[in-house]
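Keeping their order, the protein sequence lines are chains E and B.
Numbering of the first sequence is given in the numbering used here, commencing with residue 145 and proceeding in unit increments.
Numbering of the second sequence is given in the numbering used here, commencing with residue 145 and proceeding in unit increments.
There may be inaccurate statements among the hints.
If chains are identical, the list can't say which one is meant, so a pair holds when it fits in one copy or spans any two.
Claimed, not checked - With a cut-off of at most 20 angstroms between alpha-carbon atoms, the simulated EDC-like pairs for lysine to aspartate or glutamate come out as follows:
hint, residue 1, residue 2
1, Lys-241, Asp-231
2, Lys-678, Asp-624
3, Lys-178, Asp-430
4, Lys-456, Asp-315
5, Lys-149, Glu-212
6, Lys-149, Asp-312
7, Lys-678, Glu-707
Think of the hints as simulated: they come from the structure by calculation, not from any bench.
The residues making up each chain are set out below.
There are 2 protein chains.
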Amino acid sequence: MKWSKMLIQTLRENPGDAEIDSHKLLVRAGLVKKVAGGLYAYLPLGMRALKKVQQIVREEMDSTGAQEIVMPILQPAELWKTSGRWDLMGPNMFRLKDRAEHEAALGPTAEEEVTDVVKSIVSSYRQLPVTVYQIQWKFRDETRPRFGLMRSKEFLMKDAYSFDTDADGADKSYWTMYHAYERIFARCGLKAVPVQADGGDMGDSLTHEFHVLADAGEDGIAWCEKCGYAANLETAVAHVECDAAGEVCHAEIENAPTPAKTIEEMVKFFGVPATKMVKTLVYVADGKPVMFCVRGDRELNEVKAKHLAGAKVFALADFATVREVTGAPIGYAGPVRPQADVPIYADIELKGATGMITGGNLAGEIDLKNVSFERDCKIAAYADISIVQDGDKCAKCGGTLAIKRGIEVGQVFKLGTKYSDAFKAVYKTADLGENTIVMGCYGVGVSRTVQAIIEQSHDKDGIIWPAAVAPFAVVVDLLDPADAAVAKVAEDIERALEDANIDVIVDDREERPGVKFKDADLIGFPVRIVVGAKGLANGGVEIKRRCDSKDKTQIVAPGEAVERVKNLLAG
Amino acid sequence: MKWSKMLIQTLRENPGDAEIDSHKLLVRAGLVKKVAGGLYAYLPLGMRALKKVQQIVREEMDSTGAQEIVMPILQPAELWKTSGRWDLMGPNMFRLKDRAEHEAALGPTAEEEVTDVVKSIVSSYRQLPVTVYQIQWKFRDETRPRFGLMRSKEFLMKDAYSFDTDADGADKSYWTMYHAYERIFARCGLKAVPVQADGGDMGDSLTHEFHVLADAGEDGIAWCEKCGYAANLETAVAHVECDAAGEVCHAEIENAPTPAKTIEEMVKFFGVPATKMVKTLVYVADGKPVMFCVRGDRELNEVKAKHLAGAKVFALADFATVREVTGAPIGYAGPVRPQADVPIYADIELKGATGMITGGNLAGEIDLKNVSFERDCKIAAYADISIVQDGDKCAKCGGTLAIKRGIEVGQVFKLGTKYSDAFKAVYKTADLGENTIVMGCYGVGVSRTVQAIIEQSHDKDGIIWPAAVAPFAVVVDLLDPADAAVAKVAEDIERALEDANIDVIVDDREERPGVKFKDADLIGFPVRIVVGAKGLANGGVEIKRRCDSKDKTQIVAPGEAVERVKNLLAG
């Protein structure tokens with residue numbers, strides 16, 4: 145392929161809306177073009193990378209026996225109403241009406257659709273297990289689309305669904321996918337870590353997310369270097385020592401008028417550490433107010449809190465509700481004698497805590513000192529409801545947890561019978577009974593993976609593509625395109641590489657060498673071959689890997705170029 | 145691949161909503177599953193065929209140097225407003241709003257989007273010509289979705305767009321695509337005929353549709369066996385002899401009260417042939433009434449009429465307008481002295497016609513006899529505005545035109561500068577001037593092609609797949625799956641075929657031979673190998689092509705099966 149014939153545009157300037165390196169590089173290297181907020185066209189170079197990732201995903205899915213299908217993007221509202229998610233999905237789901245006023249969604253995922261399709265085909269245990277997958281565009285009406293392909297409104301996703309006769313079978317299907325995902329990301333040149341995660345609205349049981357560790361990641365992950373424990377911060381647990389273990393304070397509660405509202409201000413005002421403060425938050429769980437207390441140096445984990453409250457709809461209470469519940473101004477909520485009789489949950493760390501400073505639940509800017517949880521508060525339950533922090537002890541091995549950032553590129557879920565119950569997806573057993581199908585679902589963000597690769601593999605000059613997913617494995621920088629003899633050498637190398645099934649682009653533009661080198665580094669082809677009159681006069685062409693420094697450049701005879709490239713790509 | 149592991153469902157009954165064979169067979173063979181009206185999931189077998197057609201399209205596009213991209217399905221309204229098509233597309237285009245109330249369309253096509261993307265990258269003549277293509281899902285809010293994948297709401301389309309410096313270049317790009325399309329359909333095993341067609345809203349210049357001739361086709365095509373002339377009925381022209389050539393009638397106009405309204409009734413009532421009658425129709429062209437006259441045995445060609453009137457918005461007038469224009473009851477419009485002063489266009493065939501019977505434009509059920517067009521009517525223009533009929537003379541060679549039915553599977557268009565003007569897509573010329581890019585667009589209905597193949601190639605028992613696009617090239621009907629020795633033979637043949645890159649499915653189900661044969665014929669795998677204990681005892685396995693009759697069955701030793709299959713697939 146000749147550069148001059150390709151629709152390529154490299155840019156010197158970073159796009160104004162790009163916050164992270166991979167987004168900047170996607171646009172600057174001419175891989176994608178923004179059509180509107182959260183909507184990107186994949187240009188020829190970006191398309192090549194996207195197709196290579198797709199192909200890896202497809203091959204690994206096929207190797208597990210999963211069968212490729214494709215389902216409509218337009219999904220009738222009835223499907224979503226059957227599962228109860230028509231309302232639950234909220235404004236993140238694009239909705240529209242056809243000319244007959246039938247409501248439909250643009251699929252953000254396809255559990256409902258696939259269950260409806262598969263149940264109409266599967267009737268007997270003989271047809272199980274079966275796993276199907278599709279690589280299809282998905283849609284999400286993001287509040288604030290950003291980070292390029294990471295939070296876009298339209299994205300390419302591989303979604304697979306397994307159907308088994310029982311939980312054991314579903315377990316097997318789950319781990320088959322789990323291992324396929326390990327292979328997929330490895331083949332994409334990605335270090336992706338499987339981490340335990342929360343099932344959320346999708347199901348309640350076992351689930352792992354695959355994260356690419358990167359500072360630009362949106363998700364926090366608790367990570368134990370010692371034992372390998374890795375969990376999404378939403379579910380991560382640490383080894384917690386209750387405050388009861390510390391010094392006990394027997395003093396009586398004391399009102400402490402204070403203008404300090406935040407923990408930071410209170411630390412200054414009272415001159416005691418945040419570990420002796422209590423944060424109290426009011427939430428509304430399925431319409432009813434609930435209070436949660438964590439230690440002043442901690443943050444409430446909303447996912448854990450929601451599970452503890454057993455709530456489906458869960459959100460911070462508005463100011464009016466807070467005032468009503470506490471009887472106090474905003475910032476002075478506490479666990480002692482709230483105005484309203486609401487359940488109060490406290491973090492396990494607070495069990496037995498004494499001598500704490502809390503909000504007063506009083507009609508004024510008043511805190512309380514010397515609060516003893518067991519003595520002074522009516523706690524519904526003590527439980528782990530705080531977010532794990534850097535330096536916490538690993539609950540598994542006692543090692544030290546570190547908090548890393550991750551980009552989620554895949555997830556495997558055990559769905560159980562959530563959807564098969566809703567859709568009455570049953571099968572006839574061998575003894576002619578009837579049983580419910582047990583399901584799992586498994587996603588890979590295909591377009592997101594492309595960007596995660598860039599986020600994990602780049603330097604100040606541009607992208608450093610792993611060979612398996614590079615738009616082209618090799619770039620030939622033809623320095624003197626007007627010199628027929630030199631051009632012939634480039635042509636021969638191009639043909640020889642293509643014959644060896646190595647894809648190559650020849651930069652035949654009439655540009656200065658500096659421009660070509662800069663563009664090659666920016667786009668990040670794994671191997672660069674420089675073909676120029678001067679070099680040829682000195683006996684050869686220059687070959688260098690993108691990831692190597694300049695001084696590793698090798699000079700080889702043109703006829704040896706292909707072998708050398710093979711070695712470099714394999715190395 | 146083992147049949148028992150695949151999600152396959154064959155049906156004995158035709159689906160209730162299927163009107164044509166290919167739709168029935170798509171569903172009965174388990175290639176697709178209806179999700180809702182006009183929305184289909186592609187099951188594993190259908191997906192395999194769809195992917196094979198996709199791959200053929202991709203290879204032929206790539207061979208022309210066209211570059212694959214992919215653009216968002218969600219297209220901002222601004223793009224469509226820039227071209228003026230936001231309103232023109234009417235209710236066929238799905239529209240929705242995002243959470244920020246921005247309007248968008250689900251792309252039915254992508255001229256606007258691609259022009260906007262390409263113009264932002266191309267700035268110099270050096271970057272031209274360039275052709276890009278995508279294989280992407282398209283959307284159409286059909287009034288009445290039907291015929292399976294033929295008129296569905298969501299369909300897979302390959303759309304390509306060429307960008308050239310001038311009309312000559314655009315012409316070259318056009319014919320490059322034209323010939324690529326010939327290769328695509330030939331490789332799909334389709335007899336597709338390129339026919340001249342009308343540019344419609346998409347542009348005004350040269351365009352060809354590729355039609356698969358089939359009785360179930362929705363489009364009419366005029367076809368000259370002698371010279372090969374082929375045109376969509378919308379644009380087809382015939383050699384017309386004006387009525388002036390016949391006997392001349394000098395009699396004066398005469399009122400003829402008659403209860404007959406239709407041509408058929410008039411022929412009975414007056415006892416003269418339809419060729420002596422005139423059909424007069426009132427249309428509204430861009431808000432103004434216009435009248436059109438064709439001979440009684442002809443139908444008005446709305447496309448030709450619209451072009452003649454130079455109208456953008458064009459539709460039959462409502463009854464009130466007709467009464468106002470003619471001054472007569474419905475059914476009594478004519479070209480003589482209408483009530484309102486509106487332009488009257490007459491078909492070229494009526495030039496010089498005398499002794500005609502027309503509607504009276506009078507306040508009653510009154511026709512006129514002895515109408516001479518030149519003498520009695522104020523005709524704005526005579527032109528070809530009728531639909532070509534079976535038996536008309538070919539305008540090119542004088543041969544006889546036949547009317548065939550066709551399924552449109554592709555179309556090539558010269559767009560000129562329609563979109564580049566609207567989007568100011570310009571380039572710098574070699575002498576630093578500025579010029580407008582000249583475009584073309586080229587579509588292949590990928591999912592529709594799958595169905596057209598079935599419509600063209602099936603019999604009473606099922607589909608007869610061409611090998612290149614069959615879900616599997618070979619089915620091995622394993623008659624005694626429980627017999628280990630027999631199963632081993634099937635296994636060996638399966639592996640040998642796979643090693644030879646021939647895809648094969650082994651029907652290992654515990655079903656009667658009759659069921660297996662019926663299913664194999666219904667799905668229509670090109671070659672069937674029967675492996676059974678009885679056959680093996682008699683020296684071999686049975687091999688037969690789907691398209692051959694039973695008596696062509698060959699018995700070969702298992703070891704020879706692969707070679708025989710290769711010969712049959714090549715034959």
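For each hint, the structure was consulted:
1. Lys-241 / Asp-231: both (16 angstroms within a copy, 18 angstroms between copies)
2. Lys-678 / Asp-624: Within one copy, since 9 angstroms is at most 20 angstroms while 72 angstroms is not.
3. Lys-178 / Asp-430: neither (40 angstroms within a copy, 37 angstroms between copies)
4. Lys-456 / Asp-315: Neither way: Lys-456 and Asp-315 sit 26 angstroms apart in one copy and 61 angstroms across, limit 20 angstroms.
5. Lys-149 / Glu-212: Between. Shortest inter-copy distance 13 angstroms satisfies the 20 angstroms Cα cut-off; intra-copy 34 angstroms does not.
6. Lys-149 / Asp-312: between (55 angstroms within a copy, 18 angstroms between copies)
7. Lys-678 / Glu-707: Classified as neither; 22 angstroms inside a copy, 54 angstroms across copies.
Taken one by one, the earlier hints fail for this structure at numbers 3, 4, 7, listed in ascending order.
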